[in-house]
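Novice: Given next are the chains, with one letter for each unit.
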Amino acid sequence: MSAPASVVIAGASAAGLSTAETLRRQGFDGRITLIGEEEHPPYDRPPLSKEILSGSWPDERVWLRDDAALTALDLDLRLGVRAESLDTGAKVVRLSDASLVSYDELVVATGVRPRRLPGTGAVAGVHVLRTLADATALRAALAGSPRLVIVGAGFLGAEVASVARRAGTDVTLVSDIEAPLSDVLGSELGELLIGVHRDHGVRLVTGARVEEVLVSGGRAHGVRLAGGRTVEADAVLVSIGSVPNVEWLAGSGVEVGNGVLCDQYCQAGPGVWAAGDVASWHHPGLGERIRIEHRTNAAEQGMAVARNILAGEHRAPFSPVPYIWSDQYDLKIQIHGLPRGADTFAVTGGSLADRKLVALYGKDARVRAAVGINMIRPLRAARAFVATPTPWEAATAVKEGVTP
Amino acid sequence: MHVTIDEDKCCGAGQCVLAAPDVFDQREDDGIVVLLDADPPQEQYAAVRDAAAVCPAAAIGVRE
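Which chain is which? The protein sequence lines are D and P, in order.
Using the numbering used here, the letters of the first sequence map in sequence onto residues 1 to 404.
Using the numbering used here, the letters of the second sequence map in sequence onto residues 1 to 64.
Same shape as in the complex, but just chain D (with noise of 0.2 Å):
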């Protein structure tokens, strides 16, 4: 197979800059379009829900690059414009503004959309934090002290809820899960974040899904949940998950599901590749067919996108141990591997009750993640466990093995 002459990146985040800057790095020096929707140059999201939204940093402290470091990637980038369709037998990407581009190669990098509750979207005082944009409206919402109630307790919502509480603002999180993170950590840990966020002032309302929200004047006032109960607020954040952008690959013979649908390169079809939050790959080491909307893999992946482009028959399988991280008040929550789906649960350093700690999560009688609150390196140590799946009674039989 021979080099391709021109590739065209749909999505300019983490994942689209990543791809192109490993093309670039392994010396491609074909046209590389970079197509982004938003304005903004390539950003960062984490920050948004932590330092943008608490205001501790200045909104450019996100772009991923400065204008150097873009002009050197000598990018034809084409920013405020989306992929539209996609013609997989011409190999054009059709835009939003009617441009048509053509590519040898397309990464689909489209990332998600957060999840909206049906009928909020135009709702005054209703949230989502997915951008830039949604995190400046989310902050100024929040300087004015309002009684904001948090929908949904998955990352982003204990994110915001923490930093809403720094800010004294009055926060209720509600949350169809038993507890914090609980589909993704379990209950142990679920109950220890439960801990945290009381201890901080937040109400917690589990098990709890909500109905609606209220409106008044085209104004939100609240929440009404599930058996009639109703939470009184001035701000409302939806953070209740995400949806893949793929709605514009309809027709286009590449299969999309749950994401686009890859092989274990993260090759969706001839040509056609995806990277990030958007990209539904099979996974070789899991034996799991797997959808990460993290930042770290967002970058793997592009770099493993970009290489296996280049690689023609010598492409890699993408075999990453997935890295997430959460910064909660002093907490900083650190998991390798998938802890979700786990069927054991081990704490081997630290303890429940210091809230500091390391555990090992379970499949199959093998080691599948680890988790760490405020134990760095420790939880480093026990990484090696995920990395190579260990038979589960040899990791945890030796509980100081991982403290260094």
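Please keep in mind that the hints were generated in silico from the structure rather than gathered at the bench.
Where is the CB? At the ideal position from N, CA and C, for every residue including glycine.
Treat each hint with caution, since some may be false.
Said to hold, decoys possible - Example chain D residues on the side facing chain P (calculated, C-beta under 10 Å, incomplete):
{"hint": "1", "residue": "Arg-25"}
{"hint": "2", "residue": "Ala-299"}
{"hint": "3", "residue": "Arg-377"}
{"hint": "4", "residue": "Leu-379"}
Following the hints, put chain P in place on chain D, whose structure we already have.
Specialist: Relative to the frame of chain D, chain P by itself:
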């Protein structure tokens, strides 16, 4: 090659230490990156470029 780090941006992921353990380390208490070698030898270049690319906080600068 000259390497710089931005401690304020660092989120303590430790991905750089995994990629280039001879060039990066982490502080014991908070996991913030420690630069072991700001001017690494040539055999480290590829690993350092990977570390910078994969850093989830874009906290590593590389000048070549």
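Novice: Now look at each hint and say whether the structure bears it out.
Specialist: Here is what the structure says about each hint:
The beta carbon of Arg-25(D) comes within 6 Å of a beta carbon in chain P, closer than 10 Å, and the hint placing it at the interface holds. Because the closest C-beta pair between Ala-299(D) and chain P is about 5 Å apart, less than 10 Å, the hint holds. Among the interface hints, the one on Arg-377(D) holds; its C-beta lies about 6 Å from the nearest C-beta in chain P, closer than the 10 Å criterion. Because the smallest distance between the Cβ of Leu-379(D) and any Cβ of chain P comes to about 8 Å, under 10 Å, the interface hint for this residue holds.
Figure legend: structure checked against the earlier numbered hints; every hint is met.
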